[in-house]
Amino acid sequence: MFELLGITPQALYGQLLIGLINGSFYAVLSLGLAVIFGLLNIINFAHGAQYMMGAFIAWLGLTQVGPWIGDPEFHLNYWAALVIAPLLVGAFGMIIERTMLARLYRLDHLYGLLLTFGIALIIEGLFRYAYGVSGQQYELPEVFQGAFDLGFMHLPKYRAWVICASLTVCFATWYVIERTKLGSYLRAGTENPRLTQAFGVNVPLMITLTYGFGVALAAFAGVLAAPIFTVSPLMGADLIIVVFAVVVIGGMGSILGSIITGLGLGLIQGLTKVFYPEASAVVIFVIMVIVLLVRPAGLFGREK
Amino acid sequence: MMKRRILSILIGAALTGSLASPAFSQPAKPAAGGANISDGVVKIGILTDLSGLYSDLSGAGSVLAAKMAIEDFQAAEKGKTFAIELVSADHQNKGDVASNKAREWFERDHVDMIGDLVTTSTALAVMPIAKEKNRITIVSGAAATLITGKNCTDTNVHYVYDTYALANGTGKAVVKQGGDTWFFLTADYAFGQALEKDTTAVVIANGGKVLGSVRHPFPGTDFSSFLLKAQSSGAKVIGLANAGTDTTNAIKQAAEFGITPKQSLAGLLMFITDVHSLGLKVTQGMYLTEGFYWDFNNETRAWSKRFFEKHRRMPTMVQAGVYSSTMHYLKAVKAAGTDEAKAVMRKMKDTPINDFFAKNGRIREDGRHVHDFYLLQVKKPEESKYPWDYYHVRQVIPASDAVMPVAQSECPLLKK
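Heads up: the protein sequence lines correspond to chains A and B, in order.
Position 102 (the first sequence) corresponds to 177 in this note's numbering; numbering is contiguous.
Position 406 (the second sequence) corresponds to 444 in this note's numbering; numbering is contiguous.
In case anyone wonders, no lab produced these hints; they're calculated from the structure.
This structure is a prediction, so every number in the text was calculated from the model and none was measured.
Just so you know, not all the hints are guaranteed correct.
List time: in silico DSSO-like cross-link candidates among lysine-lysine, alpha-carbon distance up to 30 Å [what the hints assert, rightly or not]:
#  : chain 1 : residue 1 : chain 2 : residue 2
1  : B       : Lys397    : B       : Lys132
2  : B       : Lys385    : B       : Lys453
3  : B       : Lys372    : B       : Lys118
4  : B       : Lys418    : B       : Lys105
5  : B       : Lys418    : B       : Lys274
6  : A       : Lys232    : B       : Lys300
7  : B       : Lys453    : A       : Lys232
8  : B       : Lys348    : B       : Lys116
9  : B       : Lys369    : B       : Lys300
10 : A       : Lys232    : B       : Lys385
11 : B       : Lys369    : B       : Lys397
12 : B       : Lys118    : A       : Lys232
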């Protein structure tokens, strides 16, 4: 069969694995979007910009913070960035939610979309003004230098870490929202905010924290991406449209849907890169069209 | 109702790209000396990428270069010249956005010359409109040989570089170093395809072999799948027929997957901003071909340092070319005594170009600016003595070798 396809099994496994790596990025990013949409009904167009901010904070911490504070030897290493960047970007997200988004909940989705789109343009513009688009290079942490020899391919250690880290985060998020008491409050809060509030749950606070968490997920993905992609103000804009397609295919707001679809589409895209690379950018949108025709609510979405 | 209106505005804005099109103008000087200047002002438009992946190598730096050229021209003429105005806009690397803007500029704003035009698809979109409206285009940013080949126009100049020069510089040098089997990673649009085609011809002509190629969507982010294909081809050299962050991402990921240094990479179009971004550690030893290098001689250094003062980055060949070509254009307008395109173009083609950018440069009938190129090699980190000291100049490629011979050209303007 492999001979028929003109590719050796080794090469195919390698490509599938790479698809899975890209898919895990899609999964983390679309998960954040799905959480925000599912619980807040906000279409967060600033997600790509927030992902970029995560990567930039990692880079700033590693190379720029030292000179700023007058101690060139000081570095914020990768592990610290993995914690601090999501916290900072999450806090930034919560400020946006409190000061701006909170005023839009009673209005149509489109207002939230417009606002976040505008915020994304402003953030990207500011970073472009400050750092240009050629991009910055984030040095691979020393622990991850080198690669595993899997026989069929040479898997960089860092890429293996990316898969583990993102799958863990995805699963933990799903578990918290679907299987814990906190998650049930969240879901109740979105289903019927007034009734939930009547039971003594502070719904506005919960919503703010949820938005902060969704945004922090984007920043987390940004830090994961920093060592393998050029850190540039445009890195999020290039990815966000694909991630939106993933969310739509998975079913808007479906947590599990976005994880599975993210990974699945990464694989499909990986295969397209083998057999017809020219179509690898468009294949996701073709799938989106087909899914919307057959199941308008997405693969895992429920019709309301 | 309201909802629908907002949605249509949003979609409209996203599609037509009218979200960001800053334009500013140089205060017009009183007209004097220019007898036949249409509307009393020579208007120059820099149509470039102000927000996307090519905005560092052209973008705001190109606008600045044009502004410097106008100021220097006015200073040299001691103010006794026609009024000059500068406008700029973002074409977002999209042909349709570029052609809409060009029409608007020509029809409504009476722009006389459009410069920069980075990204081949935008250059090819604007050139025929300029011809139809009898205005001038000077392409500094785009690369495909089509611009002075099949698609050539008599109102266009291709000023800085093209894929033929890149292929003949870098391609030939790498084959001579023993890199005789190639695999291409190609950006899937006019420029990438042209670069692949021209380099393939050079590799074969020099006794090398091309084992295959893969075309990636533009712009791309993750190149690992494509790189694995290149790896399994067993080619000694992976030719990167792309540009900007596509090239830098591919180089970075090739190192990550252990492809380099077993196989070597040839960046067929790399700018000094890319090398600056990647750093010498990753790029050392790579060959590249440019039409200009800031640190070549005293003249190039003097101009580049002035540019650096204002822009905080050294100029790329595109930005230097925008300055030089804008200056050449303004001198031609003065000599012709009019801004009518045909007359100005005649002057531009009749007058040799001698400045920091080119020595004895001349513009051929097909619009190709024939000038020398430089084969450069990226220095090792320890060889770099001061900021932006990045290249060894390995060879000055004479204009006759760097430019496609008339006999090979498909431009009808040369077949008289």
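Results for each hint:
Among the hinted pairs, B:Lys397 with B:Lys132 is inconsistent with the structure: their alpha-carbon atoms are about 34 Å apart, more than 30 Å. The hinted pair formed by B:Lys385 and B:Lys453 meets the criterion: a straight-line CA distance of about 21 Å does not exceed 30 Å. Between B:Lys372 and B:Lys118, the direct Cα distance comes to roughly 11 Å. Compliance with the 30 Å bound is thereby established for this hinted pair. The hinted pair formed by B:Lys418 and B:Lys105 fails the criterion: a straight-line CA distance of about 35 Å is larger than 30 Å.
With a CA separation close to 22 Å, the supplied pair B:Lys418 and B:Lys274 stays within the 30 Å bound. About 19 Å separates the Cα atoms of A:Lys232 and B:Lys300, which keeps this hinted pair within 30 Å; it holds. Simply put, B:Lys453 and A:Lys232 have alpha-carbon atoms about 58 Å apart, too far for the 30 Å limit, and the pair is violated. Pair hint B:Lys348 plus B:Lys116 holds up; C-alpha atoms about 23 Å apart against a cutoff of 30 Å.
Using a Cα cut-off of 30 Å, the hinted pair B:Lys369 and B:Lys300 is violated, with the two alpha carbons roughly 51 Å apart. For the proposed pair A:Lys232 and B:Lys385, the alpha carbon gap of about 61 Å is over 30 Å, so the pair is violated. Restraint check for B:Lys369 and B:Lys397: the C-alpha separation of about 17 Å stays at or below 30 Å, so the hint holds. Restraint check for B:Lys118 and A:Lys232: the C-alpha separation of about 66 Å exceeds 30 Å, so the hint is violated.
Hint violations for this structure: numbers 1, 4, 7, 9, 10 and 12, all remaining hints satisfied.
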